[in-house]
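*Asks:* Chains as they are written, first to last, in the working numbering: chain S, 1 to 170; chain C, 1 to 174.
Calculated directly from the structure, the hints in this document are not laboratory data.
For each residue, glycine too, the CB sits at the ideal point set by N, CA and C.
You may find that some hints are simply not true.
Pairs of lysine-lysine residues, derived as DSSO-like cross-links and limited to a Cα-Cα distance of at most 27 angstroms, are as follows [as the list claims (entries may be wrong)]:
1) C:K40 with S:K127
2) C:K40 with S:K101
3) S:K108 with S:K127
4) C:K89 with S:K127
With the Cβ distance kept under 8 angstroms, some of the chain S side facing chain C (calculated, not the full set) [to be verified]:
5) V21
6) N66
7) T94
8) G98
9) E134
Away from chain C, derived, C-beta distances all over 10 angstroms, residues of chain S [unchecked claim]:
10) L11
11) R20
12) F40
13) I50
14) D54
15) M67
16) E96
17) S99
18) K108
19) P118
20) K141
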Amino acid sequence: MAETENQLIPLRALVIDDSRVMRNMVMQTLRQSEMAEFEFTEAGSGSEAISKFDADKTDIIFVDWNMPGMNGIEFAREIRAMSWASHIPVVMITSESGSEKQQNAYDKARITCYITKPFTVEDIREKVVPVIEEFKRKKEKSAAPAPAPVKTAAPPPSKPGGGFFTKLLG
Amino acid sequence: MLISEPQTAHGKTWAFEEDNQVPFVLIEETERSTVESFTKICGEISILEDDEVDLTHCMKIDGIISFVGDLTWSLIMVLPHDSAEMMAKKFAGFDIPFESEDMGDVVGELTNVLAGVLCGNLEDAGIRSQMSLPTVTRGSDFEFLTSESLLTHQSHFAVGEYDFMIRLIVAKHR
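Please construct the entire structure, taking both the sequences and the accompanying hints into account.
*Replies:* Here's what the structure looks like:
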């Protein structure tokens, strides 16, 4: 379900594909999906993406699998190895439809989800909406004020010289 | 007599037979994968029986991908000028001129999409394969030369009035 315009959250997406046309198609489809107010950074290869990558300015990554040089799996493994960035969702966009190969990639690079080419706006929504929902939950949780310390009932202070000894001696 | 031992997976048997044909399972899965992938992009696709169409002299763009694994082979998608522009528009959603750099990009992607679907279908048929990155060749009056150690097959498809070819070039296994 598309959110209304004033409810769209801003989302900074890094889009990595060696094909300029594919990058444009991914960005256009994401805009059409109206899942978030996307702000894009583009990279034409895994190594270019690593050099442009800033974990503090990236909320989600869309990466092609088959690229010359550093491919999408190698890129995702690099990101997962960075303790300060390993939480960022990585969405793999691929023409590889073999389930065994996809499972291997999940295991090797902890890919968040897959989108298989060719894709439609609906395909993208189906896969990416849960990722954005999870992102929003985490963001809300981290933005919420820290809970106040829980007050416990303290025992009444004992009177010096009172109580047991008073009765005993009394 | 068979050149290679017959292999059976998921109820399908494939081997290089005496008459040196491209394995039927490869032709069948290629045709099925082509229809499966391009129907989603272009609409209804038909497989034409006539595979004798000569595209050598027309202006065309070819997307090429190689595979290794249980078989060693290449797939060439041959798109005549108008078919390429039609498919590019359907895939990308906007006009892409035949001569542009983006056309090479799109044809590479289209070949990649077909190869990906085909790899998945072959995997289901018990044939392991790993695909290369696509390369693209554009022009007229060119043809890929093949040697006697290679087997070839071509299938002819049509989307309405626009036709295209898929050529398979397979190395004989010893």
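*Asks:* Please go over all the hints and tell whether each is borne out by the structure.
*Replies:* Hints versus structure:
1. A hinted pair counts as satisfied when its Cα atoms are at most 27 angstroms apart, and K40 (chain C) with K127 (chain S) qualifies at roughly 18 angstroms.
2. Proximity of K40 (chain C) to K101 (chain S) is assessed by CA-CA distance (about 22 angstroms); at most 27 angstroms being required, the pair is judged to hold.
3. The suggested pairing of K108 (chain S) with K127 (chain S) holds, with an alpha-carbon distance near 20 angstroms, which does not exceed 27 angstroms.
4. Using a Cα cut-off of 27 angstroms, the hinted pair K89 (chain C) and K127 (chain S) holds, with the two alpha carbons roughly 25 angstroms apart.
5. Nearest Cβ of chain C to the Cβ of V21 (chain S): about 4 angstroms, under the 8 angstroms cut. The hint holds.
6. A hinted interface residue such as N66 (chain S) counts as satisfied when its beta carbon comes closer than 8 angstroms to some beta carbon of chain C; here the least separation is about 6 angstroms, so the hint holds.
7. A cut of 8 angstroms between beta carbons decides the hint on T94 (chain S): the least distance to chain C is about 7 angstroms, and the hint holds.
8. A distance limit of 8 angstroms between C-beta atoms decides the matter here; for G98 (chain S) the minimum to chain C is near 4 angstroms, and the interface restraint holds.
9. For the restraint placing E134 (chain S) at the interface with chain C, the shortest Cβ-Cβ distance is roughly 27 angstroms, beyond the 8 angstroms limit, so the hint is violated.
10. Separation of L11 (chain S) from chain C is adequate, the least Cβ-Cβ distance of about 22 angstroms exceeding the 10 angstroms criterion.
11. For R20 (chain S), the condition that its CB be more than 10 angstroms from all CB atoms of chain C is violated, with the nearest at approximately 6 angstroms.
12. The claim that F40 (chain S) is not at the interface with chain C holds, since no C-beta of that chain comes within 10 angstroms of its own (minimum 17 angstroms).
13. Every C-beta of chain C lies more than 10 angstroms from that of I50 (chain S), the closest at about 19 angstroms, which supports listing it as non-interface.
14. For D54 (chain S), the non-interface assignment is confirmed: its Cβ lies about 27 angstroms from the closest Cβ of chain C, beyond the 10 angstroms cut-off.
15. At roughly 8 angstroms from the closest C-beta of chain C, the C-beta of M67 (chain S) falls inside 10 angstroms, breaking its exclusion from the interface.
16. For E96 (chain S), the shortest C-beta to C-beta distance to chain C comes to about 5 angstroms, within the 10 angstroms cut-off, and the non-interface label is violated.
17. For S99 (chain S), the non-interface assignment is contradicted: its Cβ lies about 7 angstroms from the closest Cβ of chain C, within the 10 angstroms cut-off.
18. Against chain C, the non-interface label of K108 (chain S) holds: every CB pair exceeds 10 angstroms, the least being about 15 angstroms.
19. Look at P118 (chain S): its CB is around 5 angstroms from the nearest CB on chain C, not clear of 10 angstroms, so calling it non-interface is violated.
20. No Cβ of chain C comes within 10 angstroms of the Cβ of K141 (chain S); the nearest lies about 37 angstroms off, and the non-interface call holds.
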